[in-house]
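Using the sequences and the hints, build the whole thing.
The primary structure of each chain is shown beneath.
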Amino acid sequence: MIRVLGVSGSPHRHGNTERLLDAFLEGAREAGADTKKVVLSTLTYAPCRGCNACHRTGVCVVDDDATPLLEEMAHVDVLAVASPIYSMGITSELKGLIDRAQYLWARRMVTNTLDYPPEHLDRHRGVFLSTAGSDWPNVFDGAYPVVQALFSGLGFRYAANVVVNGLDAHGGRIQAHPTALADARAAGRREVASLLPR
Amino acid sequence: MPITVLGFAGSPRRHGNSETLLDWVLAAMASEPDVEVEKVVVVDAGIGPCRGCNACERTGACVQQDGMTPLYDRILEADCVVLAAPIYCLGLPAQAKALIDRAQVYRSRRYVLGWPVIPEERRGKRIGLFLSTAGQAWDHVFDAAIPSVKCFFHVAGFRERDLRYLLVRSVDESGAIRRHPTASEEARALGHEVATTLRERIGA
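Line order of the protein sequences matches chains A and B. Counting from 3, one number per residue, gives the positions in the first sequence under the working numbering. Counting from 865, one number per residue, gives the positions in the second sequence under the working numbering.
Heads up, a few of these hints could be off.
Chain B side only, calculated, beta carbon under 8 Å to chain A, not exhaustive [unchecked claim]:
#, residue
1, Arg877
2, Ser1012
3, Phe1016
If the Cβ cut is set under 10 Å, some of the chain B residues that face chain A in the computed set are [stated by the list, open to error]:
#, residue
4, Pro876
5, Gly880
6, Ala909
7, Gly912
8, Pro913
9, Gly916
10, Cys917
11, Leu956
12, Asp965
13, Asp1003
14, Asp1007
15, Lys1014
16, Tyr1029
17, Ser1034
18, Glu1037
19, Thr1060
Read the hints as simulated data drawn from the structure, not as lab findings. Ideal Cβ positions, reconstructed from N, Cα and C, are used throughout, including at glycine.
Next comes the structure, spelled out in C-alpha cells:
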C-alpha cells in the first residue's frame, strides 16, 4: 500500500490551501493509497533555536511535536506539503517545521550518518501545494527553494508543484477556480500511480 | 526632532552573526548627531504568527494582542527600520517570518481599506535596511528570502529604491562574522551613510 501524508501549513482551517491538499489526498485515495493529513496549527512545536547542537550530535535538543512528525514524514512514499503564500513566502508555521529539520541536514552534511541513494529518491516523491491571492507569476518563487531544502533533508525527490495563484480574482475562494481542485485531484492520482508496478 | 532608527534582531540565536552585523550598523548610526537607535530582539518580543483570519481587512488592526501590538506604530514612526536575520533553509527563520507576516495589517490598510499607511510628507524620507548572513557561499543563497523582505518594507511604506542590503555569505558558526575581512567595515560605512542621507532628507 502506497502511503501518502499531507501536511498543511496554513493557520486558516479548511481554507483554500487545505482544500487543495484535501483534493490531492482524495485523488491519492482514488489511486489506492492510504492517506493521512496533519494540520500544523493543531500541533505544538517551537521553531529552531539555531543552537547547532545537531551539528555535533545529529539530534535535535528540542523535545516537542516537530521531530516525531518529521520522522513520520520521512517514512511515507508521497509527501504532500502545503502552505499558502504569505508575504511572498510560506507561512511561519511551515517554516518553523522546516527549520527544525536541520538535524537531518546535519546528519547528511556534518556527521555523515545519513545518505539517500538514487533508488531511495526514486521511491519517495515530494509534492508542494500552494495558493496565493496575487496573480504575480513569480509569487511562489520564494517558497520553492525552501521546500526543496525540506525534501532534500527528508530524502524525497521534489516531484511536482500544485500551485494556484490569482485567487483574489475568484473572490478568494478556490471552489470558484475553474480547474484548481480537479488538477490537485489528478496530481494525487498521478503521484500514487507513478509508484505502482506497471 | 532626532532621526529614529528601529532595528530588529531576527535570529533565534542571541549575539550571533546577523545580530552582530546589526549592532555594528546601529552603533555607527548612534555615533552620528541626533540619531536615536533602538533594538528589538524578535525572539524575546513575543510575536506570534499571523493567523490568516483577515480581520485586519475590515478593521485595519490585528486581533492578536501580543508583542507585535506596540510595534505596529513604532515601525511606521521610525525614520529607518533595520531587519537583521540569518538564512535558515534558504529562507528567513520562522520567527522573523512571523514579524513580516504580521505586517499584513499595513497591506490591509493601504490596499483594502485605502488608508494612508504613513503621512504623505514622510513618503520617500525613510530608509529600510536588510542585513543577513548565510552559512553557505552560494550566489543565490539570499534570493528566496528577499521577496518577503521587500514585501515587509513595501507594505510598511518604504520605497524599493530606499532599501539597502548588506548580505554576508560563508559565515556559519557564532562569531564567524568577526573574522570576515570586510563585513564590519561595510556595516559601519552603511550605518554612517544612511544616517547622513536621512539627515539630508529630513532636514534635521
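Right, here's what the structure says about each hint:
no. : hint    : verdict
1   : Arg877  : 4 Å, holds
2   : Ser1012 : 4 Å, holds
3   : Phe1016 : 6 Å, holds
4   : Pro876  : 5 Å, holds
5   : Gly880  : 7 Å, holds
6   : Ala909  : 14 Å, violated
7   : Gly912  : 9 Å, holds
8   : Pro913  : 4 Å, holds
9   : Gly916  : 4 Å, holds
10  : Cys917  : 7 Å, holds
11  : Leu956  : 7 Å, holds
12  : Asp965  : 5 Å, holds
13  : Asp1003 : 13 Å, violated
14  : Asp1007 : 7 Å, holds
15  : Lys1014 : 7 Å, holds
16  : Tyr1029 : 15 Å, violated
17  : Ser1034 : 15 Å, violated
18  : Glu1037 : 7 Å, holds
19  : Thr1060 : 31 Å, violated
Going down the numbered hints, you'll see the structure goes against 6, 13, 16, 17, 19, while the others check out.
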